[in-house]
Every structure is written in structure tokens, then in C-alpha cells.
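Asker: Residues per chain, in single letters:
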Amino acid sequence: MAEENKVKLHGMWASPYVQRVEIALKIKGIPYEYVEEDLVNKSQLLLQYNPVHKKVPVLIHNGKSICESLVILEYIDETWKNGPPLLPQDPYKRAKVRFWTSFVEKELLENVLLVVRSEGEAQEKAIKVVFEKLKLLEEGLKDLFQGETHHIDGENMGILDIFLCSLFGAHKAQEEVLGVKFIDPEKFPLLSSWVTAFTEVAVVKALQPPHEKLVVVYQFLRQKALQPSAAEVEVKEGVYVRSLSRSHLPDTLI
Amino acid sequence: MAEEVKLFGKWASPFSRRIEVALKLKGVEYEFIEEDVFNKSPALLNYNPVHKKVPVLVHNGKPIAESLVIMEYIDETWKHNPILPVDPFEKAMARFWAKFIDDKFWAIWPAAKKAMISGGEKEREEGVEEAQQHLKVLETQLKEKKFFGGERLGFVEITASLIVCIVVAQGALGVEILTQDKFPALHELTQKFADDDVFKQCVPPREKHSAYFKALWGALAASK
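Read top to bottom, the protein sequences are chains A and B.
Per the numbering used here, the very first residue in the first sequence carries number 1; after that it's consecutive.
Per the numbering used here, the very first residue in the second sequence carries number 1; after that it's consecutive.
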């Protein structure tokens, strides 16, 4: 591949933010080089490419770096117009998709993380908030899909599908670790069928870490928040991260 | 079909101000509907049932909420006088910095508020220091960025215009936070807003704006 068109992605296998970008690249059929980052021991390149946040994912295209997963997804959609679109064409539909994507990020994800990182009364409160937000999303989906079934396959996943997938693709692991069922088909039929649909998409299946690994990740996140002995945690994090590598993925994806 | 553009907002809200600036830059005629935050209209609750907040843009009966989402919609619907760059990479940079500014504001504003309503000097100093710490990050990152070079206001500047609230509020409450000597680039930006013909139409008269903050927080400050 010509140097100027080269695409690189700096990521970490357990990061749902990175997963979003990988799904998008795969849907569009964009070849890329993946660079696994040790977040306890960040590479010089990462710090150079994302000096502001020092985080993954970072996409490098034509030698220029783009950070923040949503910004990257929109960039991918606008730069590679040949593959399936990640956003609708119509400005109003685009606005609705962006609105709900922002909702998933700010209202749902943040509160699910709160549930992961808390216990007792604080956790109960956070769980209640997640259910409230899920209810709003279920209502929003009715409006978004307008009574039609939203068929998802490797050809038509968009940014909202991708964002939701990166959050609830791991819902079974969340259920096991937190003892709470967020994706409940009785409470949220549209959302549940949607989550089931996108976890079956080949690209998602290939990128999703196995259930057991996800359980460990969530357990680790929880432990880190509830028993913070900083130095110990950093070392543990390094060990966890290095030991649980991307070895679960087939060679062609690494 | 005749265009019908309505904006549900509040004159004091920097978020609905963003939308007014964007619409005026595009020369789009709109009806402004002032919302009372303590007595929200049924229309607003109907158009934004999720957040129940302003701003909400209603274009030919279709509502759009969230100021950054609305700005993108405006730019994609009325294509002249673009707010966002055309080049995908430049556009990505604009979106990145707009998000950065927005996120930082939610760290700055509570600290600034703490400084402005605190009765005790120690608390006030803590608030000022915290707010200035975050402002410093903004100052450093934005100092050399080229968004602020153009004649017309762009996506990042319109997003950043909420710093005007800090300047007005601090003046009203007599607390120095965003000062020229400590934050020359940010100060220059606030001057740019003050001199901009479009922005001037969207910002309330200084006295009215100051009085708003005095009324909002003056009582809290005095009661301590």
C-alpha cells in the first residue's frame, strides 16, 4: 500500500472505544495496521499522536493522527466513500443518529461505568438511572426505526449500531459480573432484538473478545475502582493487560 | 414549501446562543421562542422529551436537539457560508476541538461558580484556582490553533463562545478568573466575539447579562 494512503490504528484489545473504530474499518473494507498499546507503558508514538488525551484509539492516515472514536468514525465515513455508509445521507436522519449516539455515550455508557465502579446504595442508584436511560432509548428507537425492523448486517452497520455494540456487545459479561440484566427482552424488546442482531454480525463476532475474557475485564475494572491501592493496581493492570492479549483473535486480524 | 425555522432557547443560555450565531451566519430567518426554565412549554417537552432542554431547532416541524448536533445539521442543510471545514481531516480537527472545549467547560463552570458564590475567602480561592487550572489547559491548547484566524466565526469558535459567560459572570460578581494577563489567547478570543458583527446581535446588552448573574448568584454569595 502506498505510504501516503497507509492506515494505522493504535488500540488496546479490551477497549470498546477501539472496537468501534475496528468495526468501522472492517465494514468499509479498509486495510490497516494495528498497533497494540500497553496503556501502563504508552509508546512514544501514541504520546506524539495524541498529546492532548494520551489515549487510544488513534487513527493515523496519510501521516496525520485523528483522535476520539466518534470523530474518527465520521472521518472514516467522509474519507472512504466507496464502502457502506456509516451515516444516512439525509441531514435530519443524520442529526437523529448523532443525537442518539451522543446519548449512548454520555447518558448510557457513563452510567453503566458508574454501576461497574460502585457498590451498595450508590450502585443501586446508578442501576436505576441506567434503566431510566434504557427506557428513553427504547422509546427513541421506536421513533428512529418508525415501526420497521432494523435489519443489521455487515453492510449496513452505522455509527449508532457501532456505539451501542461497543457498550452492550458485552452485556452477558456485564450481567455475570454485576448481577444486573440490562438487555432484558421483556423490558426493552426493540433494544434487545437490536443487540442480538448486531452481536451476530460476522465482523462484530470476529472482533469481540470471548465471554470469559470480558468477565475478567469487568471484574478488574470493578476491583480497580473499589479497592484502589494505586501502585498495586498499576502493576496489576500491566500484568492483566499483557497476559490477556489479542491472542483470541485469528491471525488475519492482528 | 416555505421554510419554517423555530429555535427554542433562552437569551441567557450560551448553548442556544451558539445556534443563533450559526443561523445568523447563514442568513437563515427564524422565530425565537424564549423558554422559562422553571415553566417549560408543552411544545419544548414534546420536541425534546429526552433532555427537556434548550436549544431545540425545529425545521419544518422536525425537531433537533443538542447544540453541536444542531450546528452540524445547520451546516449540512444550508450549505453556503460553511461553518465546518470542507476537508475531512480539517473537519475532524474542528470536531475534536469543539468536543474538547465543551468537555472542559463542564469542569471550568462549576469551579467558577464555586468561586463566585463562595462567602469564604479560602473557598473562593480554591474555586478560582480550580477554574484557572482548566482554563490554562484550554489556553495552552488553543493558543496556536488556526481556527481563530479567519474573519468569520467557525465551528470551534462558535462552540467556544460560552467562555463569554465566564467573563460576564466574573465581572458581575467581582471575582477575577479569566484575566488578560493569565489567559491572553482566551482574552483575545473574547474580544473577537465582542467585535464580531454577527455575535453582537446574539449577545444580550452587558448590563442585562450582568444583572442576570447578579440575580442568579448574588443572593447566594451574600447569604454566606
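Everything labelled a hint here was simulated from the structure, so no lab data went into it.
Please read all numbers here as calculations on a predicted model, not as lab measurements.
Accuracy of the hints is not assured; some may be wrong.
What the hints assert, rightly or not - Below are the EDC-like pairs computed for lysine to aspartate or glutamate, each with C-alpha atoms no more than 20 Å apart in a straight line:
1) B:Lys62 with A:Glu105
2) B:Lys79 with B:Glu151
3) B:Lys104 with A:Glu105
Asker: In ascending order, which of the hints set out earlier in this document are inconsistent with the structure?
Answerer: As far as the earlier hints go, only 1 is violated by this structure.
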